[in-house]
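Asker: Working from the sequences, and respecting the hints, build out all of it.
Protein chains in written order, with my numbering: chain A, 19 to 775; chain B, 19 to 775.
A hint or two may mislead.
Same chains, same names: a pair is fine if it fits in one copy or spans any two.
[Unchecked claim] Straight line, CA to CA, 25 Å or less: simulated DMTMM-like cross-link-like pairs of lysine to aspartate or glutamate:
#: 1; residue 1: Lys194; residue 2: Glu165
#: 2; residue 1: Lys302; residue 2: Glu276
#: 3; residue 1: Lys68; residue 2: Asp710
#: 4; residue 1: Lys298; residue 2: Asp48
Hint data in this document are derived by calculation from the structure and do not stem from the laboratory. All figures in this text were calculated on a predicted structure; none of them were measured in a lab.
2 protein chains.
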Amino acid sequence: MSQTFSVIGTRPVRHDGVDKVTGRALYGADFQAAGLLHGRVLRSPHAHAKIKKVDVSKALALPGVEAVVTSADFPDPGNKMANLGEGAINLAHLSSNCLARGKVRYRGQAVAAVAAINGHVAEEACKLIQIEYEVLPCVTDVVKAMEPGAPILHDDLVTESMSESNGEKKPTNVAKHLQYKLGDPDKGFKEAAIVIEKSFNTATVHQGYIEPHNATALWNADGTVTIWCSTQGAFTVRAQVAELLALPIAKIKVVPMEIGGGFGGKIRVYLEPVAAILSKKCGKPVKVLMDRAACFEATGPTPGSFIKVKVGADKNGKLVAAEAYLAYEAGAFPGSPIWAGCVCIFSCYDIPNLLINGYDVCVNKPATSAYRAPGATNAAMAMETVVDEICQKLKIDPLDFRIKNAAKEGSRRADGPAFPKIGMIETVQAAKKHPHYTAPLAKGTKTAFKRGRGVAAGFWFNIGLKSCVTASVNGDGSVSLVEGSTDIGGTRTSVAMQLAEALGIPVTDVKPSVADTDAVGYTDVTGGSRVTYATGWAAFEAAKDIQRQMIEKAAAIWKVSADDLVYERGVVTSKSDASKKLTFKEIAAEAQKHGSVIVGRASVDPPWPGGAFAVHIVDVEVDPETGKVAILRYTSVQDCGRAIHPSYVEGQIQGGTVQGIGWALNEEYVYNDKGAMTNASFLDYRMPTALDLPMIDAVIVEVPDPLHPYGVRGVGEVPIVPPCGAIANAIHAAVGVRMDVLPMSPPKVCKAISAKK
Amino acid sequence: MSQTFSVIGTRPVRHDGVDKVTGRALYGADFQAAGLLHGRVLRSPHAHAKIKKVDVSKALALPGVEAVVTSADFPDPGNKMANLGEGAINLAHLSSNCLARGKVRYRGQAVAAVAAINGHVAEEACKLIQIEYEVLPCVTDVVKAMEPGAPILHDDLVTESMSESNGEKKPTNVAKHLQYKLGDPDKGFKEAAIVIEKSFNTATVHQGYIEPHNATALWNADGTVTIWCSTQGAFTVRAQVAELLALPIAKIKVVPMEIGGGFGGKIRVYLEPVAAILSKKCGKPVKVLMDRAACFEATGPTPGSFIKVKVGADKNGKLVAAEAYLAYEAGAFPGSPIWAGCVCIFSCYDIPNLLINGYDVCVNKPATSAYRAPGATNAAMAMETVVDEICQKLKIDPLDFRIKNAAKEGSRRADGPAFPKIGMIETVQAAKKHPHYTAPLAKGTKTAFKRGRGVAAGFWFNIGLKSCVTASVNGDGSVSLVEGSTDIGGTRTSVAMQLAEALGIPVTDVKPSVADTDAVGYTDVTGGSRVTYATGWAAFEAAKDIQRQMIEKAAAIWKVSADDLVYERGVVTSKSDASKKLTFKEIAAEAQKHGSVIVGRASVDPPWPGGAFAVHIVDVEVDPETGKVAILRYTSVQDCGRAIHPSYVEGQIQGGTVQGIGWALNEEYVYNDKGAMTNASFLDYRMPTALDLPMIDAVIVEVPDPLHPYGVRGVGEVPIVPPCGAIANAIHAAVGVRMDVLPMSPPKVCKAISAKK
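Answerer: As structure tokens, this is what we get:
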């Protein structure tokens with residue numbers, strides 16, 4: 019992989035930058051159309067209730083109201099499972115999550131929707147919809163939900179492995195039980211010189227994207243449906259809406275507007291099918307927007323969890339066995355990222371003996387969704403604090419310990435596969451060498467405040483999946499690149515850079531566009547850190563397609579065999595006649611003048627990359643009196659495979675780290691005993707802002723992925739994984755308490771300090 | 019070419035049909051954007067004048083005005099020639115036609131433009147722009163413009179062949195002199211038993227598209243420009259705007275909105291660069307619309323002309339020699355379709371000896387543009403009435419005469435090339451067999467009215483040029499087809515049908531989209547009857563690309579060599595194992611499930627087709643008192659090569675015929691002596707409506723073009739060519755006068771009848 023690059027590794031201005039800073043970029047809410055109606059959604063005030071009766075007649079009678087819909091307007095999806103972008107999903111659940119059928123299972127669940135001439139009328143109409151509920155007891159805690167006698171969310175949810183355990187087939191809130199085993203854990207623990215076992219509770223947290231969910235739909239008179247929305251995957255929206263509304267996908271066009279953050283939360287549909295059915299009823303385009311409270315209460319956060327970890331090491335600090343029990347809140351419908359939690363919890367390490375039990379548990383909270391390395395952060399918090407305790411007990415430097423135990427090429431992941439070449443060791447080594455790690459803790463001015471440093475590692479597997487691009491060569495040698503990946507983090511540019519690198523042209527000559535579902539081949543979601551990896555790979559292949567055509571053009575111009583020609587760094591040359599040279603621009607101009615122009619295309623479904631590793635170092639200051647934890651210094655070291663655009667890689671690392679810090683210190687869904695979230699606003703749900711944090715020092719390590727033509731691994735998710743563990747370890751270093759709860763907010767830190775005293 | 023078809027020749031509903039009949043389709047004027055400003059253009063009140071001084075200060079000071087532009091805001095394009103979609107064009111002329119520089123050369127020429135918060139303010143501001151003109155004498159007639167001492171439009175226009183003829187290099191209005199010669203005309207005429215020579219005057223006529231010109235532009239803060247407009251060629255707009263504004267094409271994106279008719283008149287830019295410069299000045303999107311008067315006065319009509327024809331035949335009715343002199347009004351800037359007039363005038367016939375002189379002449383009228391077989395209708399009017407007179411004199415049936423003299427494979431066109439397989443003979447034969455031709459003239463009720471039947475033929479060459487498509491196969495076996503050809507006459511469907519035919523799938527499974535210039539490969543204008551021909555060919559090639567990938571997928575599934583597999587009518591089968599069969603839908607589903615999906619692409623630049631021939635039969639009734647001519651029955655017979663969608667072919671034939679009838683009987687630009695058009699409204703510029711005409715009987719003859727994979731020739735233009743000649747011949751049959759002027763409006767017919775008496 020000793021490649022030299024002209025474009026990769028540079029930091030060009032992003033193609034969509036000016037549009038975004040000047041406000042020209044069009045997000046979903048910016049959509050306009052003649053005759054546009056405005057939709058509002060009526061949401062359940064109860065966390066758990068049967069819907070006895072719905073009467074929309076008064077709402078329909080309100081002047082200005084053009085349509086009212088309930089789940090009765092959706093086709094009954096039956097009990098079909100479909101893989102629509104977030105793994106297999108039960109369509110009845112997805113449908114009921116868009117408009118509740120029969121029962122509401124969380125406060126805020128959509129029950130009905132109205133389209134009217136403006137939003138005020140639509141809101142007024144929502145208040146006129148009369149719904150008779152039979153309120154049921156609710157459960158919002160994963161541990162309680164698993165207890166016998168807990169309120170049951172789904173009467174038809176009978177999980178084989180669970181019913182076996184209690185001897186009869188009765189409904190349960192446990193939707194799934196996963197178990198992974200490697201080696202002989204019992205034997206492993208017997209060999210251990212030290213075994214640490216701890217339990218953890220982590221709160222539900224939200225992605226907190228700035229842009230609320232939105233969808234506009236037009237159900238046309240010819241039965242075709244166009245949807246404009248902010249989504250991580252236009253094709254995924256197409257597939258979900260097709261299933262929910264029983265339409266062929268060819269009848270649906272999804273136009274992805276710009277997206278103001280998603281982090282996994284904008285893959286599942288909420289408003290899209292509702293807007294479509296409203297539009298079908300009134301024959302006009304209907305725009306539906308969520309407010310912030312709806313985003314919190316009724317979209318998919320990442321699960322709260324209960325985790326037990328037991329880890330054993332020998333006296334030399336070699337890990338010999340580990341066990342984990344992970345119970346993740348699915349929310350109202352099955353589907354927590356429990357699988358990912360199980361896969362990630364131990365994957366930084368090469369541990370010969372493992373046992374992992376994972377449980378996906380329904381509770382009366384919104385159905386969880388993906389959130390940046392979903393499921394991995396909770397798990398890492400548990401493992402990394404236990405590792406820290408082992409290091410402390412064995413008096414081993416925590417980075418040396420991680421180097422000694424690092425997963426490497428050939429190490430087995432808990433779920434089976436062996437790693438290819440990965441960069442865990444190189445990442446820990448880079449952290450160890452970093453001035454932050456070798457510098458003494460800075461002294462504070464307030465002597466009552468305590469300071470400490472912590473480290474933690476994290477793993478996320480990243481994904482591959484399908485991507486398509488087309489690339490048309492213009493007469494001036496510029497290239498119009500069309501991709502199906504919605505651009506959240508600068509991927510127009512990171513994909514364009516790989517096309518430019520492969521063609522040997524400047525990236526400023528590439529003009530990327532994100533297309534709608536009718537205008538580009540099927541492309542999976544922008545998620546799983548996959549776009550720069552997979553769509554970039556597609557761009558590389560499209561460049562190869564262009565190269566072949568450029569060679570053919572040159573062969574025709576020179577009247578020689580194409581076999582004699584070679585394309586290198588933007589120039590076609592003859593192997594047998596060094597005087598023959600044609601540049602990319604020259605061939606492009608010739609193609610524009612004579613004969614057909616050059617159009618490249620590629621469709622890829624690459625193998626999944628080796629995965630990403632991160633090691634974070636954090637210095638904190640704890641006010642023992644209030645329990646407030648301040649971040650003094652933060653360094654995020656990460657193996658990026660190959661950093662295509664280092665600034666965007668750094669941005670991803672910084673963004674992911676900050677979200678992890680928020681999760682660590684402040685963020686949580688606070689519920690009352692009626693199952694109502696009591697802090698559903700940005701004021702009360704406290705995410706860190708630029709004022710709360712120092713600059714995050716992002717350190718890029720490059721261990722190229724051996725599969726990818728440019729060594730890309732994907733970078734977006736793993737930086738959220740280590741912060742909770744790193745900060746917990748830093749708090750322990752500062753005040754000597756081992757936190758076993760998230761968030762480590764002032765009252766919880768105070769309580770822990772008090773308990774220690 | 020004995021092919022059997024599943025899709026070609028059927029009449030499916032057009033994909034964009036419902037959108038267009040329900041009003042959902044978005045035309046240029048429908049464009050909306052936040053902060054949109056409205057532009058208006060100030061136009062010259064004089065037909066010919068120097069611009070002495072422009073003062074925009076009062077306009078700029080009007081509240082609500084955000085920008086005022088004049089030609090001073092355009093870069094000076096110098097004297098560069100460029101081929102930008104309508105043949106080589108002088109950029110200084112194109113620029114001055116958008117905003118006059120130094121001089122105005124026709125009434126209505128744009129001089130300045132304003133962007134304001136609404137159209138009313140913009141109009142008000144236009145009135146406040148103070149322009150000092152020095153009015154010059156004008157000339158609006160082609161013959162007068164060629165006379166010595168005529169007002170000269172371009173002081174720098176010195177045409178070599180013309181200055182030679184008057185012995186010195188002085189400016190002239192004649193921009194070009196073409197001459198074509200075949201055989202020995204003098205010798206030919208000596209062999210003739212009969213020679214007829216006549217002169218003709220034809221008026222300027224307008225395409226009369228329903229939708230006026232429009233353009234919205236946003237000059238973004240990053241220097242990129244987006245233009246939304248109704249155009250026949252988005253890439254052509256891109257190229258023209260790039261040249262006029264001295265921008266790289268990569269900085270410009272043109273989004274083609276739906277187009278409400280063009281007929282050749284929406285190829286050249288008028289408002290697009292003006293809207294762009296206005297937007298650059300104010301930083302907001304600016305929409306500029308023309309009203310109907312501006313469309314008439316300031317866009318490109320088709321030229322008025324003066325034509326002399328001399329034709330000789332031997333006593334058996336074999337054409338032996340022909341001469342033509344064609345002087346076409348270019349309007350204010352060089353560029354009439356004189357070349358096409360010269361090429362078409364004699365091309366229905368196989369004439370051994372030819373001499374053609376053509377002149378492109380500037381006059382103080384709007385610069386002419388293409389209009390459906392541009393230049394051919396004027397020419398055919400002359401030739402076809404002369405042929406009719408020869409038939410009359412020799413007492414030969416006019417269709418027998420045309421069969422005897424028909425151009426056929428190997429016949430030479432006046433401009434040189436020999437015809438490949440063409441369908442002139444088959445078309446005349448079909449006309450001769452048609453019940454209309456054999457039926458006696460129906461008797462009228464008003465005995466004073468006279469009835470007559472006429473026939474005429476017409477030729478148009480049609481064109482090839484560049485087209486690109488991409489076609490993505492969806493998991494359900496539907497195909498998303500992306501093309502760069504704006505759809506005027508149903509080409510989404512005629513192109514989709516060729517893709518469907520080649521893939522062996524239903525056309526309803528193909529979903530065509532017209533893309534912007536960033537989203538598809540370079541594609542030439544929708545014009546020259548080329549889209550179904552060339553873009554259809556591209557669709558065929560994209561289907562071949564898909565077939566190859568389908569075979570590869572099937573080979574991978576069966577683990578056999580791709581060489582053993584064949585794709586036929588939507589099924590991949592094994593040559594060696596008849597039990598192996600996979601349908602298109604099955605492979606599409608498999609590709610969606612496992613591995614990469616299938617994306618086809620093609621870029622073509624096919625040779626020009628053989629050309630199209632039409633023969634029209636018309637019955638008229640003439641009121642000798644008023645000179646009014648009524649069309650009683652009309653049959654248009656045409657070789658279409660292969661009729662992909664017969665209904666749209668018939669629609670093109672009917673539409674072209676009706677435009678030809680309007681040109682024959684009513685339409686003309688009426689000028690006063692100051693060079694002002696006095697009938698610039700649909701009320702006064704009388705186009706035929708459905709109430710004026712009987713159903714046009716369209717008869718499709720199919721002589722497949724041997725080059726095209728499906729035998730397509732192009733059908734849109736040639737039906738406008740014969741009507742003027744056919745109606746003139748029918749008038750002669752009715753009242754015995756030979757009309758030598760267009761339009762044959764009541765006063766002119768009256769005058770001819772009086773002159774005969």
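Asker: If a hint holds in the structure, say so; if it does not, say that too.
Answerer: So, going through the hints one by one against the coordinates:
Within a single copy, Lys194 and Glu165 get their C-alpha atoms as close as 15 Å, which meets the 25 Å cut-off; across copies the closest is 94 Å, which misses it. For the homomeric pair Lys302 and Glu276, the shortest alpha-carbon distances inside one copy (23 Å) and between copies (19 Å) are both at most 25 Å. For a Cα distance limit of 25 Å, the shortest separation of Lys68 from Asp710 qualifies neither inside one copy, at 43 Å, nor across copies, at 67 Å. Taking the closest pair of Cα atoms, Lys298 and Asp48 come within 25 Å of each other both inside a single copy (22 Å) and across two copies (22 Å).
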